[in-house]
Amino acid sequence: MREVVLFFLIVVAGTGGELCVSRAMKSIGEVHDFSPKSVLSFVLQSLRLPWMWLGIALMSLGFFSLLAILSFQEVSFVVPVSALSYAAGAFGAKAFLGERINGNRWIGIAVVCIGVTIVWWSRK
Amino acid sequence: MPLVLVSIILGPLGNVFLGKAMKGIGPVTSARILDLVPIASRVLASGYIWLGIACLLGFFIVHMLLLTWADYSYVQPATSLSYLSISVLSYLLLGEILSPLRWLGVTVICLGVFLVGRTSPSTTGAPSRA
Numbered sequence: 001m002r003e004v005v006l007f008f009l010i011v012v013a014g015t016g017g018e019l020c021v022s023r024a025m026k027s028i029g030e031v032h033d034f035s036p037k038s039v040l041s042f043v044l045q046s047l048r049l050p051w052m053w054l055g056i057a058l059m060s061l062g063f064f065s066l067l068a069i070l071s072f073q074e075v076s077f078v079v080p081v082s083a084l085s086y087a088a089g090a091f092g093a094k095a096f097l098g099e100r101i102n103g104n105r106w107i108g109i110a111v112v113c114i115g116v117t118i119v120w121w122s123r124k
Numbered sequence: 001m002p003l004v005l006v007s008i009i010l011g012p013l014g015n016v017f018l019g020k021a022m023k024g025i026g027p028v029t030s031a032r033i034l035d036l037v038p039i040a041s042r043v044l045a046s047g048y049i050w051l052g053i054a055c056l057l058g059f060f061i062v063h064m065l066l067l068t069w070a071d072y073s074y075v076q077p078a079t080s081l082s083y084l085s086i087s088v089l090s091y092l093l094l095g096e097i098l099s100p101l102r103w104l105g106v107t108v109i110c111l112g113v114f115l116v117g118r119t120s121p122s123t124t125g126a127p128s129r130a
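Quick note, the sequences are listed as chains A and B, same order.
According to the numbering used here, the first sequence is numbered sequentially starting from 1.
According to the numbering used here, the second sequence is numbered sequentially starting from 1.
FYI, nobody ran anything at the bench for these hints, they're computed from the structure.
Predicted model, so just to flag it, every value in this text is computed and none were measured.
Fair warning: there could be bad hints in the mix.
[Unchecked claim] Only pairs whose alpha carbons sit at most 25 Å apart, straight line, appear in this in silico PhoX-like list of lysine-lysine:
| hint | chain 1 | residue 1 | chain 2 | residue 2 |
| --- | --- | --- | --- | --- |
| 1 | A | 37 | B | 23 |
| 2 | A | 37 | B | 20 |
| 3 | A | 26 | A | 37 |
| 4 | A | 26 | A | 94 |
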């Protein structure tokens with residue numbers, strides 16, 4: 001049960017955080033100039049966006065949950081199971097960012113989920 | 001190509017070090033803030049944690065560098081191999097014994113991630129320039 005809660009936080013908070021950061025980035029627009037001055041102004045601009053901070057908070061929660069689960073579960077179990085983020089990312093991107101997910105990508109995500117199920121069965 | 005290899009090794013290596021650090025701390029079983037404070041201070045004092053974070057930062061930078069010249073639809077399927085490298089590294093560096101079932105699951109995940117990455121990186125209607 002403890003593992004399920006932590007995996008939920010790793011996958012949902014981690015992916016949710018990335019979606020928030022992605023939303024913040026999209027609102028700034030594409031970056032074409034990579035000079036140190038414009039990169040710095042880009043970073044400062046992003047730090048003024050609430051979506052950015054929400055994203056950072058959620059990604060931190062995901063990272064601390066990863067550390068917590070690694071304290072009692074094997075790395076070779078935890079990392080493959082957290083590949084479920086691909087599924088969460090696809091659903092989130094569709095619902096939250098309005099991205100279209102094509103058939104091939106859904107097939108890939110389904111295969112990832114089958115793999116995660118098999119790794120879950122190998123839990124000690 | 002060498003950069004892809006570096007990213008496939010560096011990211012998983014970071015996770016292996018995080019795992020090693022956290023195993024040294026012992027099971028974190030409480031979610032109470034008061035119990036988590038002393039654990040957090042021990043985590044921050046662990047050398048392996050910082051080594052892990054350094055590897056993950058290095059991975060992040062290499063990944064960004066790769067994406068400046070390589071197509072996302074090339075980088076992402078290539079990094080699907082990191083699920084195999086994490087298994088090999090946990091076996092070699094942490095002595096974790098992986099059952100055939102786990103190897104099978106990891107291989108299927110690699111295949112799935114490979115398939116996810118082979119699709120177009122931009123799906124919101126804007127013409128893809130990757």
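> Which of the numbered hints above does this structure break?
Replying inline: 1, 2
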